[in-house]
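> The lines below spell out each chain.
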Amino acid sequence: MKAFSYVNPANERDAVRALSPEFEKVLPLAGGQDLLARMKDYVTEPDRIVNVKNALDATVTSMPGGGIKIGAAMKLVDLAEHPQVSKLYPAMVLAAGEVGTPQIRNQGTVGGNLNQRPRCWYFRNEEFVCFKKGGNQCFSPAGENQFHAIFGSGPSFIVHPSSLAVPCVAYNATFRLFGPKGERMVPASEYFTMPTLQNVRTENVLMPNELLTHVILPAPGTIKSGHYEVRYKESHDWPIAFATVLLAMNGDAVRTARVVMGAVAPVPWRSEAAETALAGKTITEETAAAAAEAALRGAKPLSQNAYKIQVAKTAVKRAILHAAGMNVVDVKTI
Amino acid sequence: MASKDDKPGGFAFSRRDFLKSAGVVSAVTAATSPAESEAQTGGVNAVGPGDVPVRLTVNGKRVDLMIEPRTTLLDALRNRADLTGNKRGCDRGACGACTMIVDGRAVYACSTLAIDVQGKQIRNVDGLATPAGLHPVQQAFCDKDALMCGFCTPGFVMASVALLEKHPSATPEQIRKGLDGNICRCGTFSRIFEAVSSVKGVTRG
Amino acid sequence: MASPNEPQGQPQPQPPAQGGGRGQGPAPAPAQGQGGGRGQTPPPPPADPKYHWTPPHNSIGTHVKRLDGPDKVTGRAKYTFDINRPGMLYGRIVRSPHPRARIVSVDLSAAQKAPGVKATLLWRDPAETQRNIAMYQGDEIAAVAADTEERAIDAARLVKVDYEVLPAVIQVDQALAGTAPAVFAASGPAADNTPGTPRSNVRQGQTQETGDIAAGFKQAAQTLEETYSTHVITHVCLESHGAVCEWDGDNLTAWVSTQGINATRDGFAQGLKIPASNVRVITQHMGGGFGSKLGAQDPQAIICARLAKQANAPVKLMLDRKEEHLATGNRPSAAARIKVGVTTDGMITAFDAETWGTGGAGAAAGFPLPYIYQIPNRRRTHKDVFINTGLQRPMRAPGHPQGSFITEVMMEELADRVKMDPIEFRIKNLPPEAPNAMWASYLRQGAKEFGWDKRHPTGDPAAGPIKTGMGVAINTWGGGGSQGRAHVEISSDGTVVVRCGTQDLGTGTRTLVAVVAADTFGIPVSHIKPEIGDTVYPVSGGSGGSTTAAGISPAIRIATVNALDALKDKIAPALGVEAASLVAVNGRIQVKDNPSKGMSWAEACKQIGPQPIAADGAWQPGLSSVTTSGVQFAEVKVDVETGIVKVTRVLALQDCGLVVSRLTAESQVYGGVIGSLNFALFEDRILDRNTGQMVNPNMEWYLLAGMSDIPKIDVRLIDQSERGVIGIGEPPTVPTAAAVALAVRNAIGVTVRSLPLTPAKILQTLAQRRA
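Residue numbers (the working numbering), protein chains in the order written: chain A, 1 to 334; chain B, 335 to 539; chain C, 540 to 1310.
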């Protein structure tokens, strides 16, 4: 990796002052599980690194009126083992517990997970100068796209790499961003951006001199949460597809549902069609399958990833069954 | 088994000789390299990109180094302090051979900057055994033949120690999940699982 | 021309079905050493009966803990990667990012001026027309050495290489179809710059034919025509390839991560044009090789030595993970278009195959086919396909996992055609049973233990998305060796040193040395000091082809028996007995039928005097043998809604003659099974189909099983002690992949005819059936 200077601020104000408005000239370092690998692979070559672990909050705080605030520097392991979060937002905890490996969860942070760059192998190998590295093409449509997006129409076909982003969108999280002009609040659903030729080098609205400092989750109310992830390897691997499903019930029937998929699109992919399909229904294997069908309607696979449609359907179906407290069959547990 | 380095051929040398040549400083006397001006960093001190003094606490001992901020914890210990017990396998946080315990938690030392872990308690495999003998995890690995080439072993041992210090009576599920961050290419997993399952008496860390 | 059954670069046993090493019975037949040297000198005479492995054994066959276990678990064991020398520099190689490119110019000046740089060198000189084309991504161009590793990497990136990117052969299909750019010589290995050479990218092999194909198909009631294939994987040794080189005048000491210290010494001598006697190679511990570290003249080792010479300082040059994937070998792909005929009662009568595979930019890709099973009438034509990737190297049982997968899937499809139990069908088509061909017995024994009677026919009828299935496959391997020499010394204080110029890849060779010696002397293994991994010790063979145990054990046995005889001669007069009446057992040397007449080992050694007893031994036939057989069963669960496969159980039955070191031998079987599981499910070298560059040169997208992916594995070592020592490193990694693939087939009711068994492929195959 290229040599860099290092700043270790003690608060968010100083941290932001050490950043730069120039793209990738100065980068914040949290757990480092993504950034250091990217720097070693010369995908990213910042001049300066700002350690934000001492500058940002790493705790969970209860909000007045219900809801919680999660500090961006909180380690994933601490989130995965947090009793209060587990009780109120079980999908957050499940998602955090599925990230990477124990070592990655011990180092990786909430903010780092949300802001990590794509795992796309074209992006990660310096030989391929793709859109995201200032080039003029995405190599995946004509190349090896078995793990790429099945929703969206380019110009980049990455899938968003964050496990937490999906439940964050499902739970209607708001992200607190802090920059030179102070703070701003951005709903998770607006934070992640579909690629355009103008914004393709980034995956979200965070400015180079801003930090994501907190994830604010509103009071969940009485909802049921489900989360299901399909991984090729059961040990360390990236999900082929996963889903978070929230159900607000009216007796045995679903009043409203929230269905969000991960690893299928450049952003967490909410399916209102699936939500509509669930409304008013009692959850059975059949209604769950029908909603899953609806969720994947309109998917546009690339040359080698049509199988992801089936995988994503299964993830949605099983997340729905999981939310409903029904038995979810699984090769891991059967 | 004794190292053969000093057998015929006369290659005896002391660890001190290497350390001298590797830029380890015994006391922090060297000046910091010219850093960026405070104006550039918004009033917060920046250090580097050249060598800067970094003080680590490794296996309870102070290690003072002059290294660049980009130096990883793994490289700092292996290349500068001759603490070569933990290995570099993938250098990208996937194989786990570099696993060390920092403030009680298993981490990938290849994906940790040395400068970032100043003031923390760092344990690597070189410091795990005591003069009284092997750590129970190390002993179990030997007893069950939970190693072949042994290159992944230091990482597996440290990951297992961290796991058992967190869950002294770990369930099979906890052991599996707890060791999912390490890869053994020789394929000793079955016996590692057996070894870790057999360990008794690790106290909560 | 090499037979397609013999993968290039690896001494290769013929599978018994092809006649190699069959029916030799117990040990005495001269072992067909696979460790090289075959046909060079006449074999030594058979070993005197006094050297035979006569029971009872003191330590042979017992569970002896790995001797270097404590060194490895504490981090004290020094691997090449761990060698730190005073004033040591770090080397770094500049490699081609392109699959094929002419090196137009190389500008080292910026690198030379970079901080800390002490040496630079040009490996591919643009002026040398025979060498100035990089033939694969990762091909070596230049190198630098600097005072820190970070600065060496910085400097390497400052080397300015001007490439003229040339058309490359990227896809095997295109090479076969003739639609790829013509890059390679039609006759064989790359001759990229040779004008006038006919080019075709494909080396057409000879057709091998036995029996009468037409008659065979006439006898058949049914024929099957299918295409099967396996993919390219890489070795991923956890310790990368590399060396630490230090010069003292004209003498070079090199710590190298190698499977062959002596070949590496010769490689340095040739590559650097210095006498071999000036070179010492040390490999005390090494982090895995799997066949990829047999190369005697690996560029990185020669480069390291040259950088060290130039800088006049020790240099460490260890490759990184990406370089490992690109440039240090791989298991070639294999494919076969097969037509096969079978009678209604399950006899295979005819087999006709076109086969091909790629070993990269100029290396062969052979594999045995059909694998083991006997087919009277058969024909096979093989093509080596050249593409612009790194060259293949032997990888744990070269050719066999490929041949096994292709053959066994075919067998299972045939068994279903004739509605026979797959085990009975296999037994019907096996060669006759012999000590080195015990498959029928192992199949029956294993079926019973595994619960084969609970296996349902193809396609799990159970409701729900989780389907269960069982599969089975068989293996063979040579495992003989002949390249061992050993020196033993017994001192008057009772200590024993055994010196042997072999190396321990992680297989447990160091422990094996001590077990053999301790067994002869009747003393605990802990009393033996094995000294290996250094070219100052008696020259032994490289560790490839599972030849080490069978190569060195006889040498150590002979040396230790000679030493014991000398010791007996020393003490016999004091005891007033004939030396020949003495035996060494339980820490004593005593009269065989009168234990009270004798003395302890310590007392006996006190008679030795100031000059230690020294004795030598060299391999002789009669103590080792060749050719193993084994069988593996696998059980899987498949989620047909996600395509995810979970292997739940594996049972491995494996013989390897006389089991010397039981604990480490069992570990080899566990490791073989897991390696093959990786081949079946996870590993895949993925090249971008347009640029030819590898997209997953890491350990994140190059998938390898972790703890949660490991099934319950039961290992059954079958003792055949009368056959003498046979290696076991390779055979266990042959059949698991096929057994897993067949278990998947048994579970889901459709056949996936290529590896790896990805969710994509499984879902696609299921969808095709529905359509």
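Worth flagging that the hints you see were computed from the coordinates, not collected in a lab.
Any given hint might turn out to be false.
Claimed, not checked - Below, in silico cross-link-like pairs of lysine to any residue (SDA-like), each with a Cα-Cα straight-line distance of 25 Å or less:
no.: 1; chain 1: A; residue 1: Lys133; chain 2: C; residue 2: Thr1230
no.: 2; chain 1: C; residue 1: Lys1300; chain 2: C; residue 2: Arg956
no.: 3; chain 1: B; residue 1: Lys395; chain 2: A; residue 2: Asn54
no.: 4; chain 1: C; residue 1: Lys699; chain 2: A; residue 2: Ala3
no.: 5; chain 1: C; residue 1: Lys1185; chain 2: A; residue 2: Glu126
no.: 6; chain 1: C; residue 1: Lys1251; chain 2: B; residue 2: Ala466
no.: 7; chain 1: C; residue 1: Lys958; chain 2: C; residue 2: Ala979
no.: 8; chain 1: A; residue 1: Lys233; chain 2: A; residue 2: Lys133
no.: 9; chain 1: A; residue 1: Lys332; chain 2: B; residue 2: Phe352
no.: 10; chain 1: C; residue 1: Lys1185; chain 2: A; residue 2: Asn327
no.: 11; chain 1: C; residue 1: Lys1136; chain 2: C; residue 2: Lys699
no.: 12; chain 1: A; residue 1: Lys87; chain 2: A; residue 2: Met207
no.: 13; chain 1: A; residue 1: Lys2; chain 2: B; residue 2: His501
no.: 14; chain 1: A; residue 1: Lys2; chain 2: C; residue 2: Leu697
no.: 15; chain 1: A; residue 1: Lys233; chain 2: B; residue 2: Gln452
no.: 16; chain 1: C; residue 1: Lys1185; chain 2: A; residue 2: Ala306
no.: 17; chain 1: C; residue 1: Lys699; chain 2: A; residue 2: Asn327
no.: 18; chain 1: C; residue 1: Lys604; chain 2: B; residue 2: Phe352
no.: 19; chain 1: A; residue 1: Lys2; chain 2: B; residue 2: Gln452
no.: 20; chain 1: B; residue 1: Lys511; chain 2: A; residue 2: Glu81
no.: 21; chain 1: A; residue 1: Lys233; chain 2: C; residue 2: Thr1304
no.: 22; chain 1: C; residue 1: Lys848; chain 2: B; residue 2: Pro470
no.: 23; chain 1: A; residue 1: Lys281; chain 2: A; residue 2: Lys332
no.: 24; chain 1: B; residue 1: Lys511; chain 2: C; residue 2: Arg1188
no.: 25; chain 1: C; residue 1: Lys652; chain 2: C; residue 2: Arg845
no.: 26; chain 1: A; residue 1: Lys2; chain 2: C; residue 2: Lys958
no.: 27; chain 1: C; residue 1: Lys1068; chain 2: B; residue 2: Ala466
As the list claims (entries may be wrong) - Pair ranges (Cβ atoms, derived):
no.: 28; chain 1: B; residue 1: Gln508; chain 2: C; residue 2: Ser648; range: 31 to 39 Å
no.: 29; chain 1: C; residue 1: Gln758; chain 2: B; residue 2: Ser532; range: 17 to 25 Å
no.: 30; chain 1: C; residue 1: Ser648; chain 2: A; residue 2: Pro187; range: 38 to 46 Å
no.: 31; chain 1: C; residue 1: Gln913; chain 2: A; residue 2: Glu81; range: 30 to 38 Å
no.: 32; chain 1: A; residue 1: Arg297; chain 2: C; residue 2: Leu661; range: 55 to 63 Å
no.: 33; chain 1: A; residue 1: Ala248; chain 2: B; residue 2: Gln508; range: 30 to 38 Å
no.: 34; chain 1: C; residue 1: Gly727; chain 2: A; residue 2: Leu197; range: 47 to 55 Å
no.: 35; chain 1: A; residue 1: Gly134; chain 2: C; residue 2: Lys1300; range: 31 to 39 Å
Stated by the list, open to error - Covered by chain B, per the in silico footprint, the following chain A stretches (three or more residues, Cβ under 8 Å):
no.: 36; region: 28-36
no.: 37; region: 90-104
no.: 38; region: 217-226
C-beta atoms are modelled at their ideal positions from N, C-alpha and C, and glycine is treated no differently.
> The structure should be examined with respect to each hint, and the outcome stated for every one.
Quick rundown of the hints versus the structure:
no. : hint                              : in the structure
1   : A:Lys133 to C:Thr1230             : holds, 17 Å
2   : C:Lys1300 to C:Arg956             : holds, 23 Å
3   : B:Lys395 to A:Asn54               : holds, 24 Å
4   : C:Lys699 to A:Ala3                : holds, 19 Å
5   : C:Lys1185 to A:Glu126             : violated, 34 Å
6   : C:Lys1251 to B:Ala466             : violated, 35 Å
7   : C:Lys958 to C:Ala979              : holds, 19 Å
8   : A:Lys233 to A:Lys133              : violated, 29 Å
9   : A:Lys332 to B:Phe352              : violated, 49 Å
10  : C:Lys1185 to A:Asn327             : holds, 19 Å
11  : C:Lys1136 to C:Lys699             : violated, 79 Å
12  : A:Lys87 to A:Met207               : violated, 33 Å
13  : A:Lys2 to B:His501                : violated, 39 Å
14  : A:Lys2 to C:Leu697                : holds, 12 Å
15  : A:Lys233 to B:Gln452              : violated, 35 Å
16  : C:Lys1185 to A:Ala306             : holds, 22 Å
17  : C:Lys699 to A:Asn327              : violated, 61 Å
18  : C:Lys604 to B:Phe352              : violated, 33 Å
19  : A:Lys2 to B:Gln452                : holds, 22 Å
20  : B:Lys511 to A:Glu81               : holds, 14 Å
21  : A:Lys233 to C:Thr1304             : holds, 20 Å
22  : C:Lys848 to B:Pro470              : violated, 45 Å
23  : A:Lys281 to A:Lys332              : violated, 29 Å
24  : B:Lys511 to C:Arg1188             : holds, 19 Å
25  : C:Lys652 to C:Arg845              : holds, 19 Å
26  : A:Lys2 to C:Lys958                : violated, 64 Å
27  : C:Lys1068 to B:Ala466             : holds, 23 Å
28  : B:Gln508 to C:Ser648: 31 to 39 Å  : violated, 57 Å
29  : C:Gln758 to B:Ser532: 17 to 25 Å  : violated, 57 Å
30  : C:Ser648 to A:Pro187: 38 to 46 Å  : violated, 54 Å
31  : C:Gln913 to A:Glu81: 30 to 38 Å   : violated, 59 Å
32  : A:Arg297 to C:Leu661: 55 to 63 Å  : holds, 59 Å
33  : A:Ala248 to B:Gln508: 30 to 38 Å  : holds, 34 Å
34  : C:Gly727 to A:Leu197: 47 to 55 Å  : holds, 49 Å
35  : A:Gly134 to C:Lys1300: 31 to 39 Å : holds, 35 Å
36  : 28-36                             : holds (count 4)
37  : 90-104                            : holds (count 5)
38  : 217-226                           : violated (count 0)
Hints 5, 6, 8, 9, 11, 12, 13, 15, 17, 18, 22, 23, 26, 28, 29, 30, 31 and 38 from the earlier list are contradicted by this structure; the remaining hints agree with it.
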